[in-house]
Amino acid sequence: MRDILTLICMITGSLFMLFAAVGVIRMPDLYTRMHAATKVGTVGVTGVMAAVALHFGDLGIVSRAILISLFFLITAPVAAHMIGRSAFFAKTPLWKKTVVNEWPDSPPDDTSSSSSASSSSS
Amino acid sequence: MTGFIQDVAHVMMAVLFLAMLLALYRVIKGPSLPDRVIAIDLLTTVAVGIIALYSIETGYKVFLSAGIALALLAFLGTVALALYIRRGGPP
Numbered sequence: 003m004r005d006i007l008t009l010i011c012m013i014t015g016s017l018f019m020l021f022a023a024v025g026v027i028r029m030p031d032l033y034t035r036m037h038a039a040t041k042v043g044t045v046g047v048t049g050v051m052a053a054v055a056l057h058f059g060d061l062g063i064v065s066r067a068i069l070i071s072l073f074f075l076i077t078a079p080v081a082a083h084m085i086g087r088s089a090f091f092a093k094t095p096l097w098k099k100t101v102v103n104e105w106p107d108s109p110p111d112d113t114s115s116s117s118s119a120s121s122s123s124s
Numbered sequence: 031m032t033g034f035i036q037d038v039a040h041v042m043m044a045v046l047f048l049a050m051l052l053a054l055y056r057v058i059k060g061p062s063l064p065d066r067v068i069a070i071d072l073l074t075t076v077a078v079g080i081i082a083l084y085s086i087e088t089g090y091k092v093f094l095s096a097g098i099a100l101a102l103l104a105f106l107g108t109v110a111l112a113l114y115i116r117r118g119g120p121p
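Chains as they are written, first to last, in the working numbering: chain A, 3 to 124; chain B, 31 to 121.
Next up, chain A with everything else stripped away, as it sits in the complex (with noise of 0.2 angstroms):
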């Protein structure tokens, strides 16, 4: 039953990696492709470290898969969250289709590293 449960979380995991690379290729956009990347990876991660976990079962092994789900689950939107505002202020072209632009012509031209009037629009 273990073993089953193993096999499924593997195969999980390694299938959403895979299907991040393959939105990472598809997709039209950075913004686009940035949630590919971000979010369906760290459901891979997360599905392989069940894996690892539920295969050895150890204390230190299950405890070193959660700790590396929960690393991945809290630094990966950081990160997303950091990349998709530094392109966004070196303007970086949106998709052509791309509903909703909150400064079109002219995004705050802030060097800083973190300033009120970027902070407050979202």
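None of these hints come from the bench; they were simulated from the model. Among the hints, erroneous ones may be present.
Cross-link-like lysine-lysine pairs, in silico, DSS-like; alpha carbons within 30 angstroms at most [to be verified]:
1) A/41 x B/91
2) B/59 x A/99
3) A/93 x A/41
Add chain B to chain A, keeping to what the hints say.
Same frame as chain A, but now just chain B:
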């Protein structure tokens, strides 16, 4: 049944190598610098998955610590490159 899991882990490592090749295509092709940063982030994520599957296949539990270190390095590198893009990027 124990040998079958190792075989499936081997096949899934091949699938993840295919994913790494696709991400590497985006690293080489990518039109702008943030595209490449995203693809490198995905590349290290897939590398952590490969390390986990390799520890399943060989039975060595020590490789998961390398996975922890690689995840931390991926986050630090992504944040550093994001700050680099934010400060103006390549001249």
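Hint check results:
no. : hint        : in the structure
1   : A/41 x B/91 : holds (27 angstroms)
2   : B/59 x A/99 : holds (22 angstroms)
3   : A/93 x A/41 : holds (24 angstroms)
Checked against the numbered hints listed earlier, the structure breaks none of them; every hint is satisfied.
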